[in-house]
Amino acid sequence: MNKVSDDISKDLKDQPKFTTDIGEKDQDHHSFDLGEQTTLKKIQHFLHGNPTIVPVIILILSVIAFGFIAGGKFFSAFNLSLIVQQVTIVGILAAAQTLIILTAGIDLSVAAMMVLASVFMGKLSVEMGVPTLPAIAVGFISGIATGAFNGLLVTRLRLPPFIVTLGTWNIFFALVIFFTGSQSIRSSDIEINAPLLHFWGERINLGGFVFTYGAFLMIGIFVFLWFLLNKTAWGRHVYAIGDDKEAAELSGIRTDRMLVSIYAVAGLVVAIGAWVSIGRVGSVSPTSFYEGNLDSITAVVIGGTSLFGGRGTIIGSLFGALIVGVFSSGLSIAGLDVLWQRFALGCLIIVAVGIDQWIRKVSA
Amino acid sequence: MQPVLVANKLSKKYGKVVALDSADLELYPGEVLGVIGDNGAGKSTLIKVLCGAVIPDSGEILLDGNKVTFTSPIEARKLGIETVYQNLALSPALSITDNMFLGREIRQKGFMGSFLKFLDKKAMADEARKRLSDLGLLTIQNINQLVETLSGGQRQGVAVARATSFGTKVVIMDEPTAALGVKESRRVLELIGEVRSRGIPIILISHNMPHVFEVADRIHIHRLGTRLCVIDPKKHEMSDAVAYMTGAKQPPQD
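Quick mapping for you: the protein sequence lines, in order, are chains A and B. Position 55 (the first sequence) corresponds to 55 in my numbering; numbering is contiguous. Position 247 (the second sequence) corresponds to 1247 in my numbering; numbering is contiguous.
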């Protein structure tokens, strides 16, 4: 019987306690095994109650490890702030991805949605003479619409999110190629016609640490979503749907409507990411962020959110994205080939999911 | 006395299979009505019609004497017919409070609540604690505990507390003791008594004859898609009930 229900259940307290009632002395030959097991169980329970701890520990350990491996260069203010800059886009995509994965879904199309939104922003403002703000608004609408489209397919046609977004990934990518004719919009053209698109790429120097405005925006998005998920009914319903959709429906939640709204909110977050990405990359390239879909899923999974839905935290995904950034940066400063960075990341994903499964056994 | 809930000649066909054949049911104020029947007798269809999960082909439902129609459990619930499902319909990863108010959350007053939609977690926790202690479930100490850490009986308690908390007129309980051990079943039977003592009538569906005979005031026996008879558990033996249910014995004429 596990520890937590032991604490709360009077019924169980009435039952004989193993050590006190039966006698400790008879159990001496077991004591070593039992002691070890309870420590492990305690850890398991602690992690179950505090799912964000795992990515935090991994982040701290990896920073320390790479400090040793890569030396002082890794710890330089410049490098640490570079890591944050580099994870900005994947971090924002991971924030959107977390919403979807919490509902027990998955979104393979986030990066394609983002590039499509950035194409609308760039194309309209740079090549068609639309003022920048309305162009950005169209990009936002594109994000919301593509997200809601995914949500409608998932709820109306009852298709698995994996299949829906595998399809829309290709559709959105094809639309990007159609609208751009495979041509990038150059950074210099954006600077002349729509400098506002570069806003989030502006840098600010804080005592050697160089941050882009986009990095702050990313943090802001995570904080906002944290409030949304934890302080509002909407957020509680996201968890309820991912936990047990049928139970949520019977509790009076309109699950289909909720799901469409979740996909639409994720789409809006992705569209904000599109604006930030123009600042980060400089240009609008139809073939950029091709791996963004999988990178965002990686960050969410490493951040401790369960792929089976209902469990996880939005802040965990921020740590997940930072861990990926620390690994790439540390391994490249240590002089390892890119292939070993991928190798290490792959191991990290499997370990993260393994830990998640282990923690979930607590309630089984 | 006017019945709280009346089912009048409800019929439901699935293709050629007749699940309900103009079935009747009456539930009186403050009583526990046991519903028993052999497998395939149509009792689960009857219950699904009453809780809104199945729409009948014909017949009518009266609540407090007024004809009502609903097309989903949510609509039935709005009218005051609450159902405790066999699987309880709780979200294990959410807290007791979150579960009790799922879909009916209390928002904070003023700007924070109406504009920012912030939840009033304290009000919800206080209310949840009050509801649970009303039902004698104070052994649950931490109201923000996750439901998955509760025992089966405690979960049943949370589901019942939720079902009786929102201006409820009727509670339907589907096999509440099926998944529980002896001790926990006992607690749930006490809980049913507790709900009845607060004046809320209960329809109890169960395969467990001793449990039905213990708590029910009247027992509705369902057979071949319709009501065979209603018996008083004090005047009939359990073996009689089983005999009526299976058709081995003719029901009493009253």
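FYI, nobody ran anything at the bench for these hints, they're computed from the structure. Incorrect hints may have been included.
[Said to hold, decoys possible] With a cut-off of at most 16 Å between alpha-carbon atoms, the simulated EDC-like pairs for lysine to aspartate or glutamate come out as follows:
no.	chain 1	residue 1	chain 2	residue 2
1	A	231	B	1134
2	B	1130	B	1075
3	B	1009	B	1057
4	B	1121	B	1134
5	A	361	B	1148
6	B	1078	A	249
7	B	1234	B	1217
8	B	1169	B	1075
9	B	1067	B	1120
Since we're looking at a predicted model, the values are computed, not measured.
Now for the hints, and whether the structure bears them out:
1. A:231 with B:1134: Violated. Residue 231 of chain A to residue 1134 of chain B sits at ~27 Å, over the 16 Å cutoff.
2. B:1130 with B:1075: Violated, at about 26 Å.
3. B:1009 with B:1057: At roughly 10 Å apart (the allowed maximum being 16 Å), residue 1057 of chain B and residue 1009 of chain B satisfy the hint.
4. B:1121 with B:1134: violated, 20 Å
5. A:361 with B:1148: holds, 11 Å
6. B:1078 with A:249: Roughly 14 Å between the alpha carbons, so the hint for residue 1078 of chain B and residue 249 of chain A holds.
7. B:1234 with B:1217: holds, 9 Å
8. B:1169 with B:1075: holds, 14 Å
9. B:1067 with B:1120: violated, 36 Å
Of the numbered hints stated above, those contradicted by the structure are hints 1, 2, 4 and 9, listed in ascending order.
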